[in-house]
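Colleague: Take a look at the letters that make up each chain.
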Amino acid sequence: MRYRARHTTRYDYGDTTPVSHHLVHLTPRPHPRQRCGANRITLTPAPATRSDSVDFFGNPVTYVAVEEPHRWVEIHAETDIEVAPPLPLDPAATPPWQEVREAARRPGPEVPQFLFDSIFVKTSIELTAFAEPSFPANRPVAESALDLMSRIHRDFTFDPTATTIATPLAEVLTTRRGVCQDFAHLMIGALRGLGLPARYVSGYLRTLPPPGQPRLVGADVSHAWMSVWCGGNVWLDLCPTNDKPADADYITLAWGRDYDDVSPVRGVFLGSGAQALSVQVDVEVIE
Amino acid sequence: MAERWDEARRLLRQHGVTYNIYGDPQGMERPWPLDMIPLLVPAEEWSGLEAALTQRSRLLNAVLADVYGPQELLRAGLLPAGVLHADPGFRRPLHGAAVPEGLFLHFHGVDLARGPDGRWRVFSDRTQAPSGAGYALENRVVVSRVLPDSFRHCRAERLVPFFNVFRRTLFDLAPLAPDQPRVVLLTPGPYNETYFEHAYLARQLGVAMVEGGDLTIRDRRVYLKTLGGLEPVDVILRRQDDDFCDPLELRHDSALGVAGLVQAVKAGTVAVANALGSGILESPAYQAYLPAVARHLLGEALKLPGLDTWWCGDAAALAHVLANLDRVVIRPAFAALGRDPVDGATLDGGARAAWIERLKRQPWNWVAQERLAPSTAPAWQENRLSPRPLVWRVFLAASRGGYVAMPGGLTRFADQPGRPDISMQKGSGSKDTWVLSPRCLEGRTLIRSTAGETVTGRRTGEPRAVSSDLPSRVADGLFWLGRYGERSEMGLRLLRGAFTRLTDGTTPGAMEELGPILRLMAWIGMIPLDFTHDGDTGASAGRALRLALQAAAFDPDHPNGLRANVLRLHRVAHGVRDRLSLDLWRVISQIDRQSAAPRARPDDAATLERLDDLIVSLAALAGLEQESIVRGPGWRFLDIGRRLERAVNTIGSMRRLRVADADDRDDAALSATLEVLLELGESFMTYRGRYLTTVQRVPVLELLLTDESNPRAVAFQLSSLAGHLAALPLPPAGGGESPTSTALHLIGSARALLRRPDAVRHGPALRQTLDTLADTLPETSNLLAHAYFSHAFVRSA
Chain F
1 MRYRARHTTR
11 YDYGDTTPVS
21 HHLVHLTPRP
31 HPRQRCGANR
41 ITLTPAPATR
51 SDSVDFFGNP
61 VTYVAVEEPH
71 RWVEIHAETD
81 IEVAPPLPLD
91 PAATPPWQEV
101 REAARRPGPE
111 VPQFLFDSIF
121 VKTSIELTAF
131 AEPSFPANRP
141 VAESALDLMS
151 RIHRDFTFDP
161 TATTIATPLA
171 EVLTTRRGVC
181 QDFAHLMIGA
191 LRGLGLPARY
201 VSGYLRTLPP
211 PGQPRLVGAD
221 VSHAWMSVWC
231 GGNVWLDLCP
241 TNDKPADADY
251 ITLAWGRDYD
261 DVSPVRGVFL
271 GSGAQALSVQ
281 VDVEVIE
Chain G
1 MAERWDEARR
11 LLRQHGVTYN
21 IYGDPQGMER
31 PWPLDMIPLL
41 VPAEEWSGLE
51 AALTQRSRLL
61 NAVLADVYGP
71 QELLRAGLLP
81 AGVLHADPGF
91 RRPLHGAAVP
101 EGLFLHFHGV
111 DLARGPDGRW
121 RVFSDRTQAP
131 SGAGYALENR
141 VVVSRVLPDS
151 FRHCRAERLV
161 PFFNVFRRTL
171 FDLAPLAPDQ
181 PRVVLLTPGP
191 YNETYFEHAY
201 LARQLGVAMV
211 EGGDLTIRDR
221 RVYLKTLGGL
231 EPVDVILRRQ
241 DDDFCDPLEL
251 RHDSALGVAG
261 LVQAVKAGTV
271 AVANALGSGI
281 LESPAYQAYL
291 PAVARHLLGE
301 ALKLPGLDTW
311 WCGDAAALAH
321 VLANLDRVVI
331 RPAFAALGRD
341 PVDGATLDGG
351 ARAAWIERLK
361 RQPWNWVAQE
371 RLAPSTAPAW
381 QENRLSPRPL
391 VWRVFLAASR
401 GGYVAMPGGL
411 TRFADQPGRP
421 DISMQKGSGS
431 KDTWVLSPRC
441 LEGRTLIRST
451 AGETVTGRRT
461 GEPRAVSSDL
471 PSRVADGLFW
481 LGRYGERSEM
491 GLRLLRGAFT
501 RLTDGTTPGA
511 MEELGPILRL
521 MAWIGMIPLD
531 FTHDGDTGAS
541 AGRALRLALQ
551 AAAFDPDHPN
561 GLRANVLRLH
571 RVAHGVRDRL
581 SLDLWRVISQ
591 IDRQSAAPRA
601 RPDDAATLER
611 LDDLIVSLAA
621 LAGLEQESIV
631 RGPGWRFLDI
641 GRRLERAVNT
651 IGSMRRLRVA
661 DADDRDDAAL
671 SATLEVLLEL
681 GESFMTYRGR
691 YLTTVQRVPV
701 LELLLTDESN
711 PRAVAFQLSS
721 LAGHLAALPL
731 PPAGGGESPT
741 STALHLIGSA
751 RALLRRPDAV
761 RHGPALRQTL
771 DTLADTLPET
781 SNLLAHAYFS
791 HAFVRSA
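Protein chains in written order, with our numbering: chain F, 1 to 287; chain G, 1 to 797.
With the rest of the complex left out, here is chain F:
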């Protein structure tokens, strides 16, 4: 499937700021199922400084700074990208989850880094207890993870008014309400509590569904889901918000331990004004 994604973020600072800095994760990372075409990131007003690099997790990251007095900033990203559907995976054929847990402890820096608490994902006894019914002894890891995903989808209500990015997982677990970031963080925390590596994926969903199918939740904003390690080189992308494995409707931008590692746009400005943020995402199928 080929897409053109447009992503606009606007900050209104309420007052003049002499300088603002932004860290942007809006260029799709290298990914076995994705081929990235043109990708353009533009800023208004034009930035005085721009620097592109690759972060610790292998995601492209762009630093930009506006260094003249300004009252607002608009960051626009336009990306052409082709996404292939995932290879079929038989959940029943994946290794038992305890085996995966043991394998995750072997030396090497890549996989174990997704085992530990991070800023937005704090494991807890309660979170692990929530996960446990999906993880009876020797159940294949993918089966268990799919079951956990479905339970999150069933037990939790999508509610953009319930949480902010600062809402702790413990509260999401109690109120059972939240948005895609919360559900992804929750599922990551549940898996890490059991000793299974899990990472956070930031990206987009196609805006208009194929004919005859319902429009997915999170289609007109940037979306987030998660990925669980199933041993070897296998990572399984699961979307608890829509209760489905990520398929060719899902465009991956970046992954990390949680939102903090890969937030699409992060900004810091010099000034005392209040700021307003608005985000618009549009993902159109081209062909």
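Below are the EDC-like pairs computed for lysine to aspartate or glutamate, each with C-alpha atoms no more than 16 Å apart in a straight line:
| no. | chain 1 | residue 1 | chain 2 | residue 2 |
| --- | --- | --- | --- | --- |
| 1 | G | 266 | F | 55 |
| 2 | G | 266 | F | 52 |
| 3 | F | 244 | F | 143 |
Bear in mind the hints are in silico, worked out from the structure with no lab data behind them.
Mind docking chain G on chain F? Use the hints.
Modeller: Same frame as chain F, now just chain G:
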């Protein structure tokens, strides 16, 4: 012995050596606890230690280079991934960033303790921003003054060459190698526990002390915001933790730090010492792996043993720890977890079970270490010698020729004989540490000045000017130092005036003069308005008034009281301490002590005595402001603050006492008012000397308002302000008339008003002048704030 100890404490207080205790508002500025008996280290013992310690610094630098680079140690299994990845202190944005000279660890602190076998062992490493070297130097200064004979006799190695080496290293680090590198010391500010040391080190190293808000990033380069605009910064010696260094990339829920600093580091335009992210090696978990890592990275055996250590993230280590829980001390693996160590032997039933559960649930967060009771050394406590367990912190600095160890260091001892954990936060004491020199130093002067050892710029001894950049924050601090100094003086003169009249009510005019004084005190909110109503002068009213005046003088919670203003004075002085001379700081400390609430309520006479002492101290402050500060922009802001405050107070007093109004008062009341104004303006003698007559309105007002030769007159303040404003650098703001010119214009108009021939003779004209000035002066203050210190602070999105 006891006498010398007292002398040492006096010196420490005079030098202003203090230590802040977190979470203890009354404990700001706790006196530095120094024991006068030094720890002695023989030369042969030192040379072995020196080799082992420099090896350790080399090793830790190599470990940092690996984990922030190729991560071979993780791949080879020499370091478990969890030690790094479970640590919230691992700074992924810095991974792969090249650092100048391959140096991550520029300044290293190692805590050593002696075991029962007498051998030194490593307790812990300080690799982020090790504190204590400045205190060590100050301890040396004090002890060598108190014990000069024994000092010479014992031939202790000097500490100063070490600081010179470190200074050289810092200046050599400048990545772009300009002719005059700008090096700054980044401090979290006056509320940090070791702020004293930051100011001390900045002064010793000859670098500017800055806070995060003083720096800004343009085009991936660090700049210092000065009054004259942005100046590039080449090297940052940081005493600020990683967390608070860059809100964009290191911790975006923090508003502290310098947004974009990580980008500047990655662009290679600035060197940060120690490198951002170097704090990870403070985790005790590394101790378990260092022997093998040393063999791998250096091809050497680790020379100095650490404590036996088990990182519980390793399954075998966890099993060992659970089986030997009562033989180990459990510590958090990572500083970010912020928990105190727990001795496994002290855990009983329930607590023990809870710990076992905790260790099993997140084993990677915990480290167990053997319990080592540090050996003791004698300390002088309560007039006798008493054995105290001690820990010695040694400092190492990178230099062109490798790491150099400071021959000495900071020795701390527990405040109780049996206590194993030693920390300044928990009230331990400190000692000077003498590494005995094998060379003969007889006959050489070890102490060069009253400040003892002094760091000079270069080996040739050529002194170097301390950076003259004035950060806007410092200008702001100096401005308020001036204002609070003058404001304290005003409150003090009122209090003294009131207590004088109360003590000796028989002096002619005393009671009439009390009225205007109380009205002014009520006007500035020092006492309730009730006391300004005439009439009730009974005994109970007198008692209530005395209580209100005592509160206005000494109650720290009285928002407009003298004590509150002195505390503000002290706080702003604290914030610009590196700009103040030692004597000026001593006077400020003295004002702080003299204005503290007395233990028992003093009688009027005793209160008066205290107030008189305070007047002298505040006068000393005003005097030193003139005599001990170089006439740069910093001094101008200080003096602007004082002049503005004095003019505002005088104008306000005159308006409040209605000097411009037509006379509905009898002669006695008017002359009482004028007497009070003369007293507050400290111009009584001048008046008597000049006019040789009773007080009359016109000459009094001329003396206090229009006489440019009287340093207390409003005209004098305005003339000084005009001079300062004209000499200030133009603020970096763009477009339109600068606020400085506007302020200058305002002051010019005000001076013209005062120069009118009828300025003080004609009631309505006088009233208009006072009203105009009452608007102009605050406006001037606002304009300056806007132009120079509008503190743009960082917000994160």
